[in-house]
Amino acid sequence: MLKGWTGTLLRVDLTNGNIEREAVREDWARDFAGGRGIAARYLSEEVDARVDPLAPANSIIFATGPLTGTNSSTGARYMVVTKGPLTNCMTTSNSGGLWGPELKFAGYDLLILEGRSPAPVYLWIHDEAVELRSAEHLWGKGVFETEDRVKEETGFPDTRVTTIGPAGENLVKYAAIVNDKFRAAGRSGVGAVMGSKNLKAIAVRGTGAVEVADPAGLMQAQWAQKHALTQAPLTSEGLPGYGTLALMNVVNEHGALPTRNFQQAQFEGAEEISGERLVETRLQTNKACFACTIACGRVSKVSEEGQGRYTLNTSPRNWREATEGPEYENAWSLGADCGIDDLDLILKANTLCNDLGLDPITLGATIAAAMELYEDGVLTDKEVGMPLPFGSGEALIALTEKTASREGFGDLLAEGSKRMGDALGRPDVFMGVKGQEFPAYDPRAIQGMGLGYATSNRGACHLRAYTISAEMLGVGDAEGPESPVGKGELAAAFQNVSTAVDATGLCLFLTFGVGLDEIAPLMAAATGHPYTPAELELAGERIWNLERVWNMQAGITAADDTLPKRMLEQPIPAGPTKGQTSRLAEMLPDYYAARGWSEDGHPSQEKLRALGLG
Amino acid sequence: MTSATRTLQIHPDRCTGCKQCELACSWVQTGTFQPSRSLIRVHVFDEEASFAPYTCFQCDEAWCMQACPVNAIDVEPDTQAKVVIDDVCVGCGLCVIACPFGTMFFDRGSHTAEKCDLCADDPACVHACPTAAIEYVEADPVGWISAFGEKVDAGRRDSLKGEL
Amino acid sequence: MPTARFLGIQLRKLAGGTELSLEGDTVGKLLEALIAKAGPEMEHLLFSEGGLSRDARILKNGRNIGLLDALATPLEQRDTVTVYFFGSRSYPGG
Chain A
1 MLKGWTGTLL RVDLTNGNIE REAVREDWAR DFAGGRGIAA RYLSEEVDAR
51 VDPLAPANSI IFATGPLTGT NSSTGARYMV VTKGPLTNCM TTSNSGGLWG
101 PELKFAGYDL LILEGRSPAP VYLWIHDEAV ELRSAEHLWG KGVFETEDRV
151 KEETGFPDTR VTTIGPAGEN LVKYAAIVND KFRAAGRSGV GAVMGSKNLK
201 AIAVRGTGAV EVADPAGLMQ AQWAQKHALT QAPLTSEGLP GYGTLALMNV
251 VNEHGALPTR NFQQAQFEGA EEISGERLVE TRLQTNKACF ACTIACGRVS
301 KVSEEGQGRY TLNTSPRNWR EATEGPEYEN AWSLGADCGI DDLDLILKAN
351 TLCNDLGLDP ITLGATIAAA MELYEDGVLT DKEVGMPLPF GSGEALIALT
401 EKTASREGFG DLLAEGSKRM GDALGRPDVF MGVKGQEFPA YDPRAIQGMG
451 LGYATSNRGA CHLRAYTISA EMLGVGDAEG PESPVGKGEL AAAFQNVSTA
501 VDATGLCLFL TFGVGLDEIA PLMAAATGHP YTPAELELAG ERIWNLERVW
551 NMQAGITAAD DTLPKRMLEQ PIPAGPTKGQ TSRLAEMLPD YYAARGWSED
601 GHPSQEKLRA LGLG
Chain B
1 MTSATRTLQI HPDRCTGCKQ CELACSWVQT GTFQPSRSLI RVHVFDEEAS
51 FAPYTCFQCD EAWCMQACPV NAIDVEPDTQ AKVVIDDVCV GCGLCVIACP
101 FGTMFFDRGS HTAEKCDLCA DDPACVHACP TAAIEYVEAD PVGWISAFGE
151 KVDAGRRDSL KGEL
Chain C
1 MPTARFLGIQ LRKLAGGTEL SLEGDTVGKL LEALIAKAGP EMEHLLFSEG
51 GLSRDARILK NGRNIGLLDA LATPLEQRDT VTVYFFGSRS YPGG
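So the protein lines, in turn, are chains A, B and C.
For the record, in the first sequence the residue sitting at position 368 is 368 according to this note's numbering, with numbers rising by one throughout.
For the record, in the second sequence the residue sitting at position 47 is 47 according to this note's numbering, with numbers rising by one throughout.
For the record, in the third sequence the residue sitting at position 4 is 4 according to this note's numbering, with numbers rising by one throughout.
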């Protein structure tokens, strides 16, 4: 087996409690590079694409990459791959923290979880010893309490726990899986899949080793990678200084900050919820994921004025009642998108999302869509149970809790804004793609982002093609954000590279400082397979096409590669990007051509054969 | 401590908890990445909202040395590091019990005690730390921890107030 | 007078505020007025090797001046110029 890999996967059939060890297929490991890739390969082999995401026949896969657990900077990531209930597509949801490396140290590259347990259980992996334990007493508990209690029950303070909260148990369509209390595989409802299997948590303690093929080569490559990260302004200063929240003021100044369910593209309260404000008034310290030399994580408290107004529900042993975050996306969805400019309130709502196990992006976006419907008179106090105008922090907090428990109006919110809009006869309020809500960049303002959203395999997502990096932030070259020219090729290239990075077990934030030129030597030295940048990019393309083919078997067509009417037809009303709409129709043919797909978005037989998928 | 020797100076306020020091140390011990074999460990101090990497201070009293029944722990003359002599160590574990700082380790594989030996005057953890939270300098080895301990204690007393 | 707006805590400290009213009928002139006010450290930040520093981002009313007329981009009284260094020296780091 290639080094870097442990060579072993753990297969758990939750229906009958069978636990088996299996050798990882080496050819798949090589061709799909790891993490997101090999998990997609196993899922496509073993799960019918037409499966109901919440049925026992769906599997959920937790996968690390060859560099997870090594000293390559950011070697912390694991990927959750399954059919997502929000999108009915293959979803690939990524998380950092400490859990992924721990799984490697316990001796496993992947976990494949099948079936449905007859009663709530958690999986306890302590090196070779693996058992399912009753989780009856944990069902209904939040993420923080679950992690604390599971650690206590395993007897080791350094046990790492990934878990769902009540939202996952209640099959909220966008429930998250949260590890190390504040790191989440957040999107597309992976937590609901775990809940549907009656699996509350996975606890891991690993004392073993990750071995590499070429020790001297790896040391050389990781020094080069880390040095490059210290030279790039974003990874050396921007992210450590402000976290991802550095983007709030920047994106707002460019007129690309979606506001009040994308009715505007600039938020007058942006400064109040910016990275600058967080640092000045609330930041306690930076916190790194495993092996990360960037350390963008934030440990934050409510401001002095907020004391008493907001009590954070974190466990007392967490930084003396501090919380973590918020990330830019969350501060946007719970803030600007809902017209809310109170950073303390956002911290409170974000912490609730962590504890209840909710994806804050879709939650905030769904509440924002409901706010629009309330202001339009489609929803009233009676249906919602409270007033719901834009800017109502009280409603945001109350509805976050009700959504996780599916209580009252929360039951409809728990379905996400697409299903909610359809149910209320207003499909136009859904701001997303393939059932999943947009993140924090207006696709009318940044053309490449719109194309990336429309063609993303897991529904609207900023992490599949972060073209804003080249279009607006000056990392790499591209036409400006308002131009559709060249964006097809740009989006496809970003998708391939990002997918490859996701497969290695490293973090996408690396790409602000290094590229595949720095990552390929790490992969080669770790695995012993002579990966080149081109071969890794090809692996990314292979994975992307595999996901696409599976999604098409699941029922996705080119008609789903689209944006809401508001993005295509309603110009941005004011600000620097006034008058712009998404020019998707001009970009999509270029994209399909760049991908070697037919005009109706099908991967061609030649392309699939060339990628070894035919 | 002689004035010429250097020591690991820890700056908890710079530590981000990334564990690169643990990875580097285990690399030196095993040629693999295996944090469970690291002789430096990153601890979390909730009360201070801080991490602190933590390893042997090479203290003068060296209770590990005094406790060892077979004289398997010796002072390395150049660095003044206390080092375990593997083929003398019988694996009785008394040193692990004796160390008041919890920085003596026991390796179940080789059945011997293990401790920080300052990597023969060139500690790998220092090179690996991305924020200079670990420095190898001439300094009082326990200087940082008494001040840090005071702060942590005060914070803990503060947080327990409601419960006492 | 056009308004200059700054992002990032360090840059704001150096400029002496989050927003300033500054003279200048082009972006270049406005930056000269800024340097005259804030001093040589600001000049060092904004310009290197005879041109705008690679890390400097200058927007006129939200549009990157690189896509307009660069430093010659004309300004009117009600225009806003945003200055930031995305992740550059204006950020505290660590």
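You may find that some hints are simply not true.
[Claimed, not checked] In silico DMTMM-like links for lysine to aspartate or glutamate, alpha-carbon gap of 25 Å or less:
| # | chain 1 | residue 1 | chain 2 | residue 2 |
| --- | --- | --- | --- | --- |
| 1 | A | K607 | A | E489 |
| 2 | A | K578 | C | E19 |
| 3 | C | K13 | A | E394 |
If you are wondering where the hints come from, they were derived from the structure by calculation, not from laboratory data.
Status of each hint after checking the structure:
1. Taking the CA atoms of A:K607 and A:E489, the gap is about 16 Å. The hint holds against a cut of 25 Å.
2. Restraint check: the Cα-Cα separation between A:K578 and C:E19 comes to about 23 Å, which is no more than 25 Å; the hinted pair holds.
3. As the CA atoms of C:K13 and A:E394 are separated by approximately 35 Å, the hinted pair breaks the 25 Å bound.
In summary, the one numbered hint that this structure violates is 3.
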